[in-house]
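Residue numbers (my numbering), protein chains in the order written: chain A, 1 to 254; chain B, 1 to 297; chain C, 1 to 134.
Be aware that a few hints might be false.
Derived SDA-like pairs (lysine to any residue); straight-line CA-CA distance at most 25 Å [what the hints assert, rightly or not]: (1) C:Lys99 / A:Lys118; (2) B:Lys164 / C:Asp13; (3) A:Lys118 / C:Lys17; (4) A:Lys85 / B:Lys27; (5) C:Lys99 / B:Lys2; (6) B:Lys99 / B:Gly135; (7) B:Lys164 / C:Lys110; (8) B:Lys12 / C:Lys67; (9) C:Lys67 / B:Tyr208; (10) B:Lys250 / C:Glu20; (11) A:Lys166 / B:Lys164; (12) B:Lys106 / C:Cys32; (13) A:Lys11 / A:Ala45; (14) B:Lys12 / A:Ala167; (15) A:Lys129 / C:Arg119; (16) C:Lys17 / B:Lys2; (17) C:Lys67 / B:Lys2.
Don't read these hints as lab results, they were simulated from the structure.
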Amino acid sequence: MAEKKISVMDKIREAGKSITSGVAEEDIKYWVTIHIMGKAYRVPADLTIMQAIEYAGYRLIRSCGCRAGFCGACSTVFRRKGEYKLQTAMACQTRVEDGMFLVQIPFSPAEKPLYDVKNEELESSVILKYFPEVARCVSCNTCTKACPQDLEVMDYVQAALRGDFKAIADGSFECIQCGLCAIRCPAEIVQYHMAQFARRMYGIYGTPREKNVEKRVEEIKSGKFDKEFQRVMSLSLAELKRIYTEQQNTREVY
Amino acid sequence: MKIPYYPGCSLKTTAQNFEISALAVAKTLGIELIELPRWNCCGTVSSLTSDDLMHHLAPIRNLVRAEEMSENLGGDEYKLVTLCSMCFNVLKRSNLRVKENPDELKKINDFMYLEKDYSGRVEVIHFLELLREIGFQKVKEKVKNPLSGLKVAPYYGCLLLRPKEIGIDDPEDPTVQVEILAALGAEIVNNPFKTRCCGSYQTVQDKYAVAELAYDILSRAQKEGAEFVTTCCPLCMFNLADRQKEVVEKYPEFRSIPVLYITQLMAVAFDLDEKYYGFDLNYVDPRPILKEKGVIR
Amino acid sequence: MIKKLVISSKNVDFLNKINELSGETITLCDQCGTCSGSCPMVSEMDITPSQMMRMVQLGQMEVMDTKAMWICASCFACTVRCPRGLDLAKVAEALRQVKLREAIDHIDIKKIPEDEVRRLPQIALVSSFRKFTG
């Protein structure tokens with residue numbers, strides 16, 4: 001029996017229809033109208049922006065990633081009906097609103113400077129060496145307003161001018177590198193690259209070394225676990241499977 | 001007396017000795033300088049075009065913080081003290097601009113809608129003005145180790161004195177540093193180039209032009225007999241002290257001369273603990289001459 | 001040699017633009033030269049501050065190709081001494097901004113030598129970027 005050819009777009013549409021409500025399209029009561037890149041679409045009211053874009057028939061090959069609010073790919077810029085203020089959001093984490101005018105920003109063009117953290121010191125001039133544009137910050141707060149993670153971006157850029165690596169690391173800890181701050185910044189600073197550099201530097205030079213990890217690395221280097229590794233490597237597939245499923249019963253502690 | 005204090009970026013890094021000495025000196029005089037919370041870089045130079053409001057955001061944001069802090073401290077005085085001459089000039093200029101143009105103030109307040117509105121009440125003063133206010137007699141009373149025999153040439157630079165509506169003293173013939181140094185017991189040397197610009201930001205792309213200016217200022221001071229030059233601006237400090245390296249390249253016969261923040265000399269005269277002097281950060285170490293003169297051990 | 005200057009509406013527009021941007025009435029300058037005598041950077045400049053004012057007064061856009069406005073250190077010595085009360089620092093800033101607002105930077109912030117970036121206090125970098133980048 002020949003199978004009916006179902007295209008990818010059909011599959012997506014089918015998936016979108018029962019995605020959150022689990023009901024058939026004809027039973028959906030609440031609908032909203034949103035504008036995706038200027039074109040109006042009627043979508044179920046409880047969809048996220050990402051689901052709504054796909055419901056409308058788009059196939060996302062960019063501006064789409066983990067779908068869980070963590071990877072920073074689905075940066076979206078939108079305005080609400082009748083409002084002049086520009087809003088930002090992550091498409092996978094934000095529900096649609098009636099009258100929303102939106103577009104996605106799949107990429108923020110920013111060359112990351114090449115650095116070798118092993119050759120640098122924890123000093124304010126090091127940040128300015130790789131990111132001199134940080135000195136152009138005018139404290140306008142546009143970056144903070146643009147951040148979908150509600151981070152105080154301007155504060156950590158200001159901390160960079162003072163060489164306060166810890167403040168940058170703490171302030172940018174939850175940054176998902178979506179790029180919205182860099183796109184909006186009038187001084188053309190790439191905040192998230194600078195913050196990542198600062199976090200790396202702080203992690204290496206500003207935080208205490210983890211003694212237990214160092215001890216374990218020494219043990220491994222001294223060959224304490226070599227015999228066990230060799231034993232496991234020589235096991236058959238069946239043996240490995242048996243050991244894996246039975247490991248809950250193991251009482252031995254290394 | 002508790003007063004809100006704005007440090008500025010350089011005082012937290014290359015000019016830490018300015019802050020350390022100044023805070024200690026202020027404490028001795030009964031003034032507690034309380035750092036503003038969440039302050040941001042002032043911008044260092046004022047935007048001089050008529051239509052630019054964006055570059056005034058940074059100073060006004062700091063004034064919002066100062067106003068808030070003054071309210072929390074109670075009393076009816078709304079002051080903000082700065083140490084750096086450049087920060088002083090920028091903050092005072094922006095303050096004056098919005099006080100004279102209420103419609104611009106409204107625009108700035110509306111733009112910074114996440115902050116409290118700035119009402120224009122804060123008065124920006126430089127640390128030297130504060131000393132003048134409390135009186136040089138009070139300064140003299142705290143002197144335990146007079147700087148006798150020290151020949152000091154005060155240097156003012158530009159942004160502390162100019163333009164006239166911002167300056168804290170006569171732009172052609174200022175005396176405020178003279179009065180402080182006299183109270184400290186030092187011998188004043190008049191340098192005719194004391195108000196000549198050090199070159200300011202030209203040091204980034206044309207360091208030899210700055211070296212020329214530094215040479216003029218310093219060699220004249222030396223000619224008048226000065227052993228030290230005092231300043232109150234981290235950029236003047238860099239141009240007059242650190243750039244002596246470039247001065248020597250152009251004028252090999254130039255002898256180095258220590259350049260100090262005036263608060264460092266005050267700390268020595270008040271006989272404060274050595275940790276408040278901050279001499280490690282001075283490009284030309286003043287300790288040999290100070291020891292020779294018996295001012296420090 | 002006599003040079004013939006033609007002042008067209010283009011030149012008048014330029015003068016008006018600088019007047020507005022600086023907030024100063026540049027035609028008030030009487031060419032006394034006090035500013036040039038006070039300027040600490042004048043020996044590095046290709047034209048003097050008075051010449052700069054004269055060129056703007058005549059609406060000569062060639063002034064945009066001169067170096068004086070970029071060598072100015074914004075020290076306000078000219079401003080406090082001008083007998084006409086003109087603020088030349090604002091005029092120099094207006095001329096710089098005409099170039100910078102076209103997104104043409106005067107310095108390449110990435111090309112500052114590393115040893116200089118290490119030595120310079122932030123105050124120097126911030127102020128120089130403010131004056132020389134758009």
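Discussion item. Need the list of violated hint numbers for this structure, in ascending order.
Written reply: 1, 2, 3, 4, 5, 6, 7, 8, 10, 11, 12, 16, 17
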